[in-house]
Amino acid sequence: MRNLIGNIIKEAGYTDVHFAGDGREAINIASELKPDIITLDISMPEINGLDAIEGILTASPCSKIIMVTAVTDQLIVKQAIQKGAVDFVKKPFDRFEIEDVLRRHI
0 MRNLIGNIIK EAGYTDVHFA GDGREAINIA SELKPDIITL DISMPEINGL
50 DAIEGILTAS PCSKIIMVTA VTDQLIVKQA IQKGAVDFVK KPFDRFEIED
100 VLRRHI
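First residue of the sequence shown? That's 0 in numbering that gives the first Met the number 0, and the numbers climb one at a time after it.
Read the hints as simulated data drawn from the structure, not as lab findings.
Please note: incorrect hints may appear among the correct ones.
List of simulated lysine-lysine pairs, DSS-like, C-alpha gap at most 25 Å [claimed, not checked]:
hint	residue 1	residue 2
1	Lys63	Lys9
2	Lys9	Lys77
3	Lys33	Lys63
4	Lys90	Lys63
5	Lys89	Lys77
6	Lys90	Lys9
7	Lys63	Lys89
8	Lys33	Lys9
9	Lys77	Lys63
10	Lys82	Lys33
11	Lys82	Lys63
12	Lys77	Lys90
Okay, the calculated beta carbon distance ranges per label pair [claimed, not checked]:
hint	residue 1	residue 2	range
13	Asn2	Arg103	16 to 26 Å
14	Arg23	Asn2	29 to 39 Å
15	Asp72	Thr14	27 to 37 Å
16	Glu10	Leu74	28 to 38 Å
17	Phe18	His104	17 to 27 Å
18	Gly5	Lys89	30 to 40 Å
19	Val85	Leu32	26 to 36 Å
20	Gln73	Lys9	11 to 21 Å
21	Ser30	Asp93	24 to 34 Å
22	Lys77	Glu10	29 to 39 Å
Heads up, the beta-carbon is just placed ideally off N, CA and C, and yes, glycines get one too.
Produce the complete structure using the sequences and hints provided.
What follows is the structure, encoded as structure tokens:
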């Protein structure tokens, strides 16, 4: 799934795209690279997406986190937004949803 999202992002003209296999790696990449946008799933190994939000924003406070997940429980969505996610894309999605959310936040 992350490769699909990465390809959509690259095809939209954003060339500096990096991938993390789990929440801990996402925090480390954010700390090192300070990306403008991070797409993050809630269900991830090591550290789940909700917990990773806090670590990412501590390491890279200007990064904007977009949740891309199949988890649609409104309580979870609310928690993600409260922790600092700026937007939410529900799986399954189409490329236009990803492109639209990127335009809104870059």
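For each hint, the structure was consulted:
{"no.": "1", "hint": "Lys63 / Lys9", "verdict": "17 Å, holds"}
{"no.": "2", "hint": "Lys9 / Lys77", "verdict": "29 Å, violated"}
{"no.": "3", "hint": "Lys33 / Lys63", "verdict": "10 Å, holds"}
{"no.": "4", "hint": "Lys90 / Lys63", "verdict": "19 Å, holds"}
{"no.": "5", "hint": "Lys89 / Lys77", "verdict": "14 Å, holds"}
{"no.": "6", "hint": "Lys90 / Lys9", "verdict": "19 Å, holds"}
{"no.": "7", "hint": "Lys63 / Lys89", "verdict": "17 Å, holds"}
{"no.": "8", "hint": "Lys33 / Lys9", "verdict": "18 Å, holds"}
{"no.": "9", "hint": "Lys77 / Lys63", "verdict": "16 Å, holds"}
{"no.": "10", "hint": "Lys82 / Lys33", "verdict": "18 Å, holds"}
{"no.": "11", "hint": "Lys82 / Lys63", "verdict": "12 Å, holds"}
{"no.": "12", "hint": "Lys77 / Lys90", "verdict": "17 Å, holds"}
{"no.": "13", "hint": "Asn2 / Arg103: 16 to 26 Å", "verdict": "23 Å, holds"}
{"no.": "14", "hint": "Arg23 / Asn2: 29 to 39 Å", "verdict": "20 Å, violated"}
{"no.": "15", "hint": "Asp72 / Thr14: 27 to 37 Å", "verdict": "35 Å, holds"}
{"no.": "16", "hint": "Glu10 / Leu74: 28 to 38 Å", "verdict": "34 Å, holds"}
{"no.": "17", "hint": "Phe18 / His104: 17 to 27 Å", "verdict": "19 Å, holds"}
{"no.": "18", "hint": "Gly5 / Lys89: 30 to 40 Å", "verdict": "19 Å, violated"}
{"no.": "19", "hint": "Val85 / Leu32: 26 to 36 Å", "verdict": "18 Å, violated"}
{"no.": "20", "hint": "Gln73 / Lys9: 11 to 21 Å", "verdict": "32 Å, violated"}
{"no.": "21", "hint": "Ser30 / Asp93: 24 to 34 Å", "verdict": "32 Å, holds"}
{"no.": "22", "hint": "Lys77 / Glu10: 29 to 39 Å", "verdict": "32 Å, holds"}
Taken one by one, the earlier hints fail for this structure at numbers 2, 14, 18, 19, 20, listed in ascending order.
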